[in-house]
Every structure is written in C-alpha cells, then in structure tokens.
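Q: Now for the letters of each chain:
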Amino acid sequence: MSNGGSEHGSQGVANVEGKATAITVITPVKPWGRAALAVVFWAGRHLTFTLKKLQQLSFIHYARWAVIPRFPDGGAGERLHHTYLLFESNFNGTWDQYIDAFSEVVPARMKAIWGSSYGFPGPIPVEPFKAYIRRNEYIANHYWSAYPGASTTEIIAAQRVAAALEAFTQRSDGLAPDAFAAAYARFLTEVQGDL
Amino acid sequence: MTRSDHDRSGEALALTVLAPIQAGRESALAEVLDDLPAREGSPLARVPGTHFARFVVIDAPVYEGAPQKRDSWKASRLLFTSNFDAPLERYLDGLRSGLGADGETIFGHCVGYPGQADGRAWTAWLLAHRVKSSLFFGAYGDQAVQTVRDNIATRARLAAFALEAQGLAPAELEARFRAVFAR
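Chain order of the listed sequences is A and B. If you use my numbering, the first sequence corresponds to residues 10 to 204, in order. If you use my numbering, the second sequence corresponds to residues 1173 to 1355, in order.
Everything labelled a hint here was simulated from the structure, so no lab data went into it. Being a predicted model, the structure only gives us computed values, none of them experimental. Be aware that a few hints might be false.
BS3-like cross-link-like pairs, simulated, lysine-lysine; straight-line CA separation at most 25 Å [claimed, not checked]:
id : chain 1 : residue 1 : chain 2 : residue 2
1  : A       : K61       : B       : K1241
2  : B       : K1241     : A       : K120
3  : A       : K61       : A       : K120
4  : B       : K1304     : A       : K61
5  : A       : K139      : A       : K62
6  : A       : K39       : B       : K1304
The following label-pair restraints were derived from C-beta to C-beta distances [as the list claims (entries may be wrong)]:
id : chain 1 : residue 1 : chain 2 : residue 2 : range
7  : B       : A1331     : A       : D109      : 29 to 35 Å
8  : A       : A194      : B       : E1212     : 34 to 40 Å
9  : B       : A1341     : A       : G27       : 36 to 42 Å
10 : A       : R169      : B       : G1196     : 40 to 46 Å
11 : B       : A1331     : A       : T57       : 32 to 38 Å
12 : A       : W51       : B       : V1352     : 19 to 25 Å
13 : B       : D1177     : A       : G27       : 27 to 33 Å
Covered stretches of chain B, going by a simulated chain A footprint (3 or more residues, C-beta under 8 Å) [what the hints assert, rightly or not]:
id : stretch
14 : 1177-1191
15 : 1203-1211
16 : 1225-1238
17 : 1257-1267
18 : 1295-1309
19 : 1326-1336
20 : 1345-1351
No residue lacks a Cβ here, since even glycine has one placed at the ideal position from N, Cα and C.
Taking the hints into account, I'd like the entire structure generated from these sequences.
A: Listed below in structure tokens is the structure:
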C-alpha cells in the first residue's frame, strides 16, 4: 500500500522480509538543490569516506539515491514544479534503529543529502527527523529478499569464514592426523568470531 | 555503459523503474501486488540474480506545505527497484521470463506496456522508464546471490561441525572433516 504522506510509514508489513526491511522515500527538492545534490553525490562517489561510513553502519545491504528532474513517461519525461530525490534502502534491524543510526552516526551526511529537500528538519533531534521520513515514505506493496534470514554482518562474516575454510582445507591437505588436529584448532580460533 | 556507471557497486547493479499507471487502475495494481505470495512463492524468486527487489504503487508526490508548490502527476507511478548481479542484459532477460504471467499482469497496468512476447520492445519500454542512480551502495557488491547463499550455508555447516566434532580423536576428526568439507 502506498503511503503518500500518511502516518503509518514505519508499520507496513510488506516492508519486511525476514530480517530485511525496505525503506522507500521520495522528497521534493528546493530549486537550488539539484546543483547541490550533484556535488554531494559526486563527493559520495569519489571521496570514499561516505561509502566507508555507510559500510561502518554495518546493517545496510544495499542503498541508493536518485535525483529525478523528470519522471519517466515513455517520452521526454514529466516535469513537475520540483526535482525529486528518491532514496531506497534494504537493511536489517528495525526502522527506528535505522533512522537513529543515521541521525547519530552520519548527521552531517544526512544534512548534506536531505538539507535541500522541503520540510527537512535536520537529523538532530531524531524525532522530527523520523516524522519527516515517515511523511515522505512509501510502503512497498511487495518486497523480496534472496536471503531473508541473513543480516549484513552475517553475510560478511560468512564470506570470511568461507575464504578461511577454503584456505584451511588446502593447507591441511596431506597432514597427519595429529598435525591436522592442531591446525584445525588454530583454524577454529581464527574463525570463531565469525561463527 | 555510461548510463549505468552510478548504478554499480562491485558486481552488483541497481535498477530503478518508475512507470505511469493507467488512470483508474492504481488500486487494482496495488491489490495484485499485495496479494503476491512471499518468499519462494514470489515471482521475484524466479528472477535469477536478484538480491533485493520491491514494487511500490505511488499515488502522488508528497506535499510538505508552503513554500513548496504543490505537484501532481498526470498518472500515479509504479516503482520497481532491484539490486542484482551484473550484467544488466542477462538480468533483464531473466526478469522478463522469470516474472512471466505475473509480470504481464503487473506491468499490464502501466501506460504503454508492450507485453513480453517481443523481448526487444519489452526491454525498450522498461529502460525508457528507468531512473539512473546518483549514488549506489552495496555492502558486499562483490558477492553474487548464489555466493551469498553458499557462504551462509558453509558458515552454518562449519558451526555445526565444530560443535559435533568436539572431543574427537585426531584421526576421526580428520576423517569427518574431509567427509563434510570434501572439495
């Protein structure tokens, strides 16, 4: 069910698939915002600290922002009074935790991204920020995850485990049982934090 | 492909489609989407390489009040977003055939949808309604869907093995390890 600015933004069941939650936000951008966002996203792409900060948040699977000056209509596009900013994210955890983290960990980036959108109250304090996101959020009618049981942290840990296991399997090939058991114990110590 | 440069994170790509819905069919489309089965019953489960995807019916843009001017579309929009394994062309083929009859029903509510019988027309229509990302982030864009699933299964297998193998004599430990994790 689409939201269109009603108050039930964080409650949509279709926004949740296992551990994954979807968020879809579209905000109207002030006249000067389009140029400002071009700079903000250029920096986001080229100065890796933004992406590293997102990585540190550690619960975002995938996220995107898109600036929409014209809405596709099969022709030249439908131009409205304003450019719009689309944000979509796939994360694990609750909606409240997600917005809390945005507010607490990356407030300057949130301000850079949404500061040019109408009605943005700033990332701090968090309650007006949450209300703003709710007003501009749309609830997914259908949401799919290929691995609904896994969090971002678990996926990255599993990648390390799989690589370590592959390496251990190779280096332990041909070891006598006692040497194998000792190597196995060291291997388990190496990966235990990721299991 | 210049157009998709900002839609890439490692080997993962972003696709954003915003298509106008035929007048008066917004609620019917929302109902179709709301009624789709979840998990492995979802038509998106049949589209290879999809990490996460969603359909959203968007009735109207949000109005935040003055000084914003009130905007209204000529038509409500269907938003489809996907985070998937490159390359785009292969994914679109899988999307068209994987969605199958569900795709016909869903996109059939949209203006100008040509149907999936003509693959070129279908792809052209979809890409004509594409919105390019300004910034795309993937926490593990180097991992394909199958790799993610395999790694999760491997981790679970190893955790289970580590518990079961506690206290085994070296020879038995090695034999069981080789049996479970044989390459």
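Q: Please go over all the hints and tell whether each is borne out by the structure.
A: Results for each hint:
Note on A/K61 and B/K1241: the hinted pairing is violated, with a Cα-Cα distance of about 36 Å set against a maximum of 25 Å. Distance hint between B/K1241 and A/K120 is fulfilled; the C-alpha atoms sit about 22 Å from each other, no more than 25 Å. Restraint check for A/K61 and A/K120: the C-alpha separation of about 17 Å stays at or below 25 Å, so the hint holds. Of the supplied pair hints, the one linking B/K1304 and A/K61 holds, its CA atoms being roughly 22 Å apart against a limit of 25 Å.
Simply put, A/K139 and A/K62 have alpha-carbon atoms about 20 Å apart, close enough for the 25 Å limit, and the pair holds. Under the criterion of a C-alpha separation no larger than 25 Å, the hint pairing A/K39 with B/K1304 is consistent with the structure, at around 20 Å. In this structure the hint that B/A1331 and A/D109 lie 29 to 35 Å apart at CB holds, the actual value being about 30 Å. The hint said 34 to 40 Å for the Cβ distance between A/A194 and B/E1212, and at roughly 39 Å that hint holds.
Restraint check, B/A1341 to A/G27: a C-beta distance of roughly 40 Å satisfies the suggested window 36 to 42 Å. Distance hint check: the CB atoms of A/R169 and B/G1196 are about 52 Å apart, inconsistent with the given range 40 to 46 Å. Checking the proposed 32 to 38 Å range against B/A1331 and A/T57 shows it holds: the Cβ atoms sit about 33 Å from each other. Range check, A/W51 to B/V1352: about 49 Å between beta-carbon atoms, so the 19 to 25 Å window is missed.
For B/D1177 paired with A/G27, a C-beta distance near 31 Å keeps the hint of 27 to 33 Å intact. Counting residues of the stretch 1177-1191 of chain B whose CB lies closer than 8 Å to any CB of chain A gives 9, which reaches the minimum of 3, so the coverage claim holds. Figure legend: the stretch 1203-1211 of chain B, annotated as covered by chain A; annotation consistent (5 residues with Cβ-Cβ distances under 8 Å, at least 3 required). Interface restraint, the stretch 1225-1238 of chain B with chain A: holds (13 residues with C-beta to C-beta distance below 8 Å; minimum three).
Counting residues of the stretch 1257-1267 of chain B whose CB lies closer than 8 Å to any CB of chain A gives 0, so the stated coverage by that chain is violated, three being the minimum. For the stretch 1295-1309 of chain B, the stated coverage by chain A holds: 11 residues have a C-beta nearer than 8 Å to a C-beta of that chain, and at least 3 were required. Here's how the stretch 1326-1336 of chain B fares: 5 of its residues keep a CB closer than 8 Å to some CB of chain A, so the rule of at least three is met and the hint holds. Restraint check on the stretch 1345-1351 of chain B versus chain A: 3 residues with Cβ-Cβ distances below 8 Å, three needed, restraint holds.
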